[in-house]
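When you get a sec, could you build the whole thing from the sequences and use the hints?
Protein chains in written order, with this note's numbering: chain A, 6 to 176; chain B, 39 to 391; chain C, 515 to 1092; chain D, 17 to 220; chain E, 300 to 930.
Please keep in mind that the hints were generated in silico from the structure rather than gathered at the bench.
Quick caveat: nothing in here was measured; it's all calculated off a predicted structure.
Among the clues, some could well be false.
What the hints assert, rightly or not - Listed next, the in silico EDC-like pairs over lysine to aspartate or glutamate satisfying Cα-Cα at most 16 Å (straight line):
(1) Lys184/D / Asp927/E
(2) Lys848/E / Asp24/D
(3) Lys128/A / Glu307/B
(4) Lys638/C / Asp707/C
What the hints assert, rightly or not - Using C-beta positions, here's what the derived DEER-type ranges look like:
(5) Leu204/D / Asn221/B: 40 to 46 Å
(6) Ala59/D / Thr245/B: 42 to 48 Å
(7) Phe122/B / Ala794/E: 48 to 54 Å
Each residue gets a CB set at the ideal place from its N, CA and C atoms; glycine is no exception.
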Amino acid sequence: MRFAAIGCFLLALTACERERRDLRPSPAKVVVFGDAAIQSQILPGGGAPRASVTNPFQGNAYAISEGQRLFGWYNCTGCHANGGGAIGPPLIKDHWIYGNEPANLFDTIVKGRPNGMPSWGAKIPEYQIWQLVTYIRSMNNLEPRSATPERLDTIEQSSRTILPKSEGEPR
Amino acid sequence: MTWGRMPSCAPVANRRWPGESGTRPKLATCATMLFSLASAFGQQSSLAPGGTHASQIKSLGVFFFWLLGIIFLIVIAIAVASIFQRGQSTQDEAAQRRLKTAIAGASVLTILILFGLVVVSVGVGKEISAPGGRGNELVVEVTGNQWWWFVRYLNDDPTRIVVTANELHIPVGRPVLIRGLSNDVIHSFWVPGLQGKRDLIPSRVTTQWIETNEPGRYRGQCAEFCGLQHAHMALWTVAEPESQFQQWIGTQLRPGAAPSDDLQQRGQEVFLSHACVLCHSIQGTTANGQVGPDLTHFGSRLSIAAGTLPNNKGNLAGWIADPQNIKPGTRMATVPLDPTDMQPLLEYLESLQ
Amino acid sequence: MLVGFIGISAAAQIQNQTDDGQWTMPAKNYASTRFSTLTEINTSNVKNLKVAWTFSTGLTRGHEAAPLIVNNTMYIVTPFPNLLYALDLTKTGASKWTYDPHVSPSSQGVACCDVVNRGGAYYKGRIYYNTLDMHTVAVDANTGKQVWKTTLGDINLGESMTMAPLVVKGKVIVGNSGGEFGVRGWLAALDADSGKIVWRAYSTGPDKDILIGSNFKPFYAGDRSPDLGLKTWQGEQWKIGGGAAWSWISYDPDLDLIYYGTSNPGPWNSDQRPGDNKWTSTLFARRPDTGEAIWAYQYNPHDDHDYDGVNENILLDLNIGGKMRKVLAHPDRNGRLYLMDRSTGEVISAEPFAYQNTSDSVDLKTGRISYVPSKITGFKTVRDICPAAPGGKDWQPSAYSPKTGYIYIPHNNLCMEFQGIQANYIAGTPFVGANVRMYAGPGGHRGEFSAWDPVAAKTVWTVKEMFPAWSGAMVTAGDVVFYGTMDGWFKALDAHNGAVLWQFKTGSGIIGQPVTYKGPDGKQYVAILSGVGGWSGAIVAGGLNANDGTGALGFLNAMADLPKYTTSGGMLYVFSLP
Amino acid sequence: MSEPRVLDVSGLLPYRISNKSPLWLGQLLMCVIEGSLLCLLIATYFYVRLSVDVWPPPGVRLPSVMLPTVALIPLLASCIGSYLASEAAKRDDRRGMLVGMISNLVLGGIFLALRGIEWRGLNFTWSSDIHGSIVWTILFLHTYDMVADLLFTLVLIIIVASGHYGQKQRLGVHVDTVAWYFLVLIWLPLYGVLYWGPRALGAK
Amino acid sequence: MTALEELRAEPQQAEELARAWKNRPGPLGWISVTTHQELGMRYIVTAFIFLLLGGIEALMMRIQLASAENTFLNPARYNQIFTVHGTTMMFLFAVPVMEGMGVYLVPLMIGTRNVAFPRLNAFGYWIYLAGGLLLYAAAFTNTMPDAGWFAYSPLSGPQFSPGKGVDVWAQMITFTEISALCVAVELIVTILRLRAPGMTLNRLPMFCWAMLVQSFMIIFAMPAVMIASTIFLLNDRTIGTHFVNPAEGGDPLLYQHVFWFFGHPEVYIIFIPALGMASSIIEAFSRRPVIGYPALVLSLVANGFIAFGLWVHHMFATGLPQIGEAYFTAASMMIAVTSGVQIFCWLATLWSGRLQPTAGLHFIFGFLFIFVMGGLTGVMLASIPLDLQAHDTFFVVAHFHYVLIGGTLFPLFGAFHYWFPKFTGRMIDQKLGKITFWLLFIGFNCTFFPMHILGLHGMPRRVYTYVPEMGWGPANLLATIGAFIIAAGGICFIANVLKSRRFGTKADPNPWDAGTLEWSTSSPAQAYGFIHLPVVASRYPLWDQEKSKDIVTGLRNDRREVLVTTVLDAEPDHRLVLPGNSIWPFLTAVGFSIGLYYSVFAFSGYWIATALGMIGIIGWFWPRQPLDIRP
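Laid out in structure tokens, this is it:
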């Protein structure tokens, strides 16, 4: 029984994906444009199997942490704050115009979007874009909880109620 | 077991430092190192102090060393002697009393010695932390980052503020106040040849005085464990006469050198059109990134990657092409560069004197 | 009675310009009093106000503009895409024509605080206004045809334009926005006929760029050295140092000076930009013809809290200490109302009109504000900073009634926690370097509407508002003050005592500027755009997520409950007595 | 070899229900551990209190002082129950033990219920800021100990009520009271620090 | 019965006792053991396995550092290895092995049959094992912590240490800390209440005094590390509290204060028992009572107190107020006074004794040499100016290895060679023992002495490599060679243990002719310890009472009965029936561990731990037959 329990936890701890540190990511390009990053549910002529582009850092804690750093370094915070949004839309949300699959997010960062999102493809190296994608997905709990930090060393989310208890209608 | 896919540092480097002549001096042998406390170790040694404070500390250390060394020898001598003592002669009451008296005496002596040591070291402690400012002090802000040093020479006149990285120039004979900050985790600013260390703690400001009368290069290194590349977070302190220092400040105040030929021109274009501008700044261009070291006068720096490599074109090429090979985990991005762009970029960066 | 007497006796003063019942510029007049002499609607009958007609702009972002009423036509400039609607008042607001400047959608990415526009200006048969993507357009007021369109900057550098131009002596005076994007602020004058740039005065850099010449005579000695716009900055930081002129301009025809303020320096993290950072957060007086600076006064040297100096300058001639003085009244972001001699730049008084704890006093001898050391920001967290970054009062313009002698100030009651972090400059992206979280100031309410006596330098009365009072104010000779609230109430207050005389719930929160005019039928109308948004209303207009309190530069934390009170919209409401 | 002497201990009791029992000492040491934990937390409270200029942080309402003060009444009263139970345990008075322990359990339960009500009124969580973190930690740890002790009391009630008990269980009843006294006593300084401390130092 | 009759009846009584103290057979019996020798030995063996693992890690580090820019380990791996090395040595080896020695020896030395809370003892062991398994399971699944054994925030915080490594570290601390607290409580109660009649506190053997002081220190120090690791660090990481987040009012220095409030006493927790061992060995091999017993006891107790007053000397470089620094300098040096007194007493004892040149005594001389040097470098580090240069350099690495290996490992090895007959019933090979000593002694100095010099020449700690220009290569190479000599010493020791256990000569009850009670019973000691509990009239009953062997009678042999005596004078107070073997401590530990393991991933793990732990404890305390304890 004891050994069974230990075995279980060994498995739980394994999580190689979470702990991997790819300090020297492959410079190879991933093809995203055109095929994988679709945004519509309607596939005219009937749905056909399509190539899927997977995030090389899916579930990776180090990538989330790097992505978080880059999110600040590359001024994503300037427009999207710490996920709540400001100039740009929030990134913690349910409804995504351009999709929240890794390939969609990658596409959005690389190409930009017409309503103000800059196109970063020419500047940010590809592996860092994937790290950003991983971090953005972690904000929405789309990455494993165990790979996502609970808080950062900043002031950001506040669950404190700062608002007066319903003062009701104005006089 | 997953042993990771992380590369280890594979030095390709040309390790000759700018201004160094000939080959490195032959390393001291084990024996000389073990038995000599002389400064055979080069520029990062607390035993080869150039700074006023470090000298005081060294003197105190030498005092401690001899005093405690003698005590150690006495204790060991007694212990060894006891092996040959065989105990017979000391079993009687009087001998016991004598021994107890000896213990008491030794204890009292210990207390006295330690009291003396406390007084001496508190005295020296006061001196090395005393404000050295006589109104002529230089105030330098050193900010620790993973894993490099941001250096800013503060001045009431903001136009006289100089920004540099991984290198500290100080004038000889002038007290320098180091204001320490950190941008991420705790680091520790430590130039052993000048002064003891002082931690750089996020959202705190720590201060330290350094001063030297001897021109020279003093190497420093982060002394608080700060993550993956703690080992490669060094900085050079160059102590130089006031006139040279002022000259250096004057150079640093100028914007980055304009490209002087087509190759450099091309290099500047490469710099400005790639990821470089996201993090680095070169005054005089539109590159104004603040999260990486300022490169306005990169060509005049001694080292690349915070003291990891001597600054020369070959090393720089290796560093830009694959920074993760030289400093695994570094924040420097691996930027995909067209091979034909590398040479112009190197030319341009090295021209930023 | 007494007040009325003063009002009448001061008929020659600047605040008493003639009024033809139209509304040709957002501030109503060059003195920026937002005072209408119409008296049909007054304290006794305002309770009977009814909606006369409405008009939907079809947009849902923040509507901050003031409608213009000229020749029985109403002109409305909308937020992005900056349409210009002309409505025929003789036909109860029927649409006459619509002008679309085809604004680049990407420009939405460089608008710091919602894609608002604060209105246009009418001048000699044309409507002039700015578009978000750095253009000023001139549109024929009758036909809606574009007369000219001038490009003034590059959105790739983070610049945008949201302010309402002021046309003075044939020159359209405009300024850029982007203090949060590391732009270099400027004010420019365009020839009203041709659209050619006549002059452009930067806020930072060498004196020649700032148009500081031999006539530059600031009142305080500290401001008189040459090239301060260069020497109060480290290295080349002045090139990305902010100082945008994104808000109001006033004009004194007698002195022939325009007055405007410049924005905060960038980035917010003040440790990254040592020095006084001149001329950001500064009031400039310039000649409209040449742009030449005559004097300047920096409200917040080395601004630590995003206290822009852009708020409106109300030009008044007041009896101060027994002497009539030409003054300007400026309620600053830092919570103090500056009363200054507008011919010299001398500060007469600078008393707090809102709760503030960031400064102890303003030294009237040196003109320098003295900050409270514990509230100075940098690479650390500072708590309990009042007022917060939007200031004691943001852009929302006040009104002045010569009848009561009071300035009516819609303002905020917000405090903040401020953490300075490393700001990185990447052209075209924000340059802020701070995590901010705002919350209601003392008392728990987030806004106030006050009447301020400029002579006595004290508050006369205050109405508390649940949300920041983010709309402009307007006062009439009928002694009624109008303003709107972010939860959608359009209110009329008694100008003497602040009693609420009438209120009406509009479809969305109000952040616009109320205007009043005499309609073609001779009746007095009051108009207001309803449509919540702006910095404070971004949570509704932009659909932001309040779980992150630092969103909208920290405003999200203070406005988390706004969506419970209002939804986005864009509607013009016109009221009249039945 | 001289005659060894013997020390005959067969006459001594094979158990002892008093503070002479090793178990009592062990329980006391457990209390010391818990006590030093909570004392360090109090030190932490003052450390962070003194390093922050605004306390409590903006927007935070201090925990109300009313409810915890009222809750002191059942808490202190519950010690009487403990005392009765422990004395009854020494006498082997089953009814006395039950009465004592049940009153202890009920009064302790009332205290915890009041605390639960108080928690619903707090407008900050442990992840709000440092004030929330330290206050919740202290409250949580103390509550955790109390719940554990009450659960233990409940088990003892079941054991005693079933009649299925001997000297060891009576000793258990006696020792259980030590833990309860400790939890009540340690609460008094904690209560002072959490509720009166910031008010005494001038916070609203 | 008279004494002689009693003694004559001993074989029969021994049989009765053996029956009462017998462990059940089979794996179920193995996990329900509650006797102190068995558990003590398990502690010791487990700790030595961890020592071996920690030693392998040390060798890996030494290989990496043998030359400049070496590529044997990459930085991530190196950081993990030095973290796990420090953690293992501190928490999984040093403290538990001392606990193990205490659990094994204390009841024998004070003349009783078991510790006061046998089942708690078993629980403590299982929890310790669970903690060790957690850390090494992490090592084999790439979840190794890499923020150092001190895990300074913010580096160890959620932002800068992604993954679960630091959580594993923090929760592992919880395990070892619970285990240490269990042992501390039971040892204190055992020492205070279960001493043989007549063994007043004044007659308590030095080692027991040391364990008593150490146990009290654990009680006051361990809650601090619980606060630092579990409450500050783990909660910050898993539920987002802000204890070490300066942005929300927390403070990284707060973590350091609390951590070192534990961390400094931790060093004394580790070496105070070793001082007790050294005392025992010196007494035995110099054939005389230690000189200055009261002084020794007082200085031990004083050590315990002072140890709590000098944590700040780990933080001199953070720039604290000067007056505080002066105070902590003085306090740090004060500890040298108490340590000095101890050294002087032992020197006097050695001086006046008839020394037996056994392997055990060799280790004591090695201990004196190394520990004194470590202590003196400690005096240097207490001086702020010197500390500012030496702090976080290899000088400190050298210093604390001198103190901890010299002050702990050498006495511990001495203790093994000394108590080996009591543990196994056979004598250990003295020759191999001496070879072990010389290998360890030479290897140790070869490894760590150069580090002093490296540190003074500017080599910081915790660097995975260094650039060749620094000239640190040769000294590092020497240190690496030394490390392998130490490893050879370790192999020699293991070989000696295996060989002597099998083929060593059979040992008498008192082969060394020592004076304390554990030597009065058979070698190896039986589960019940003593057939008749002794009555004590002096500090060294075997030396002073050889002629009259007073005994206790009247304890029942058919159940596990011990005698409770009064705290100060050890007057018989009452008898105490100890519980027998039980599987519940094991089950409770398993349940609790499952919850705590899970809490690495989610806070709800604590609820699971509580629920399963509570079930275990109810089973543990549920009344068993016979309910009524009859005289």
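Broken hints, by number
Hints 6, 7 are the ones this structure does not satisfy, whereas the remaining hints hold.
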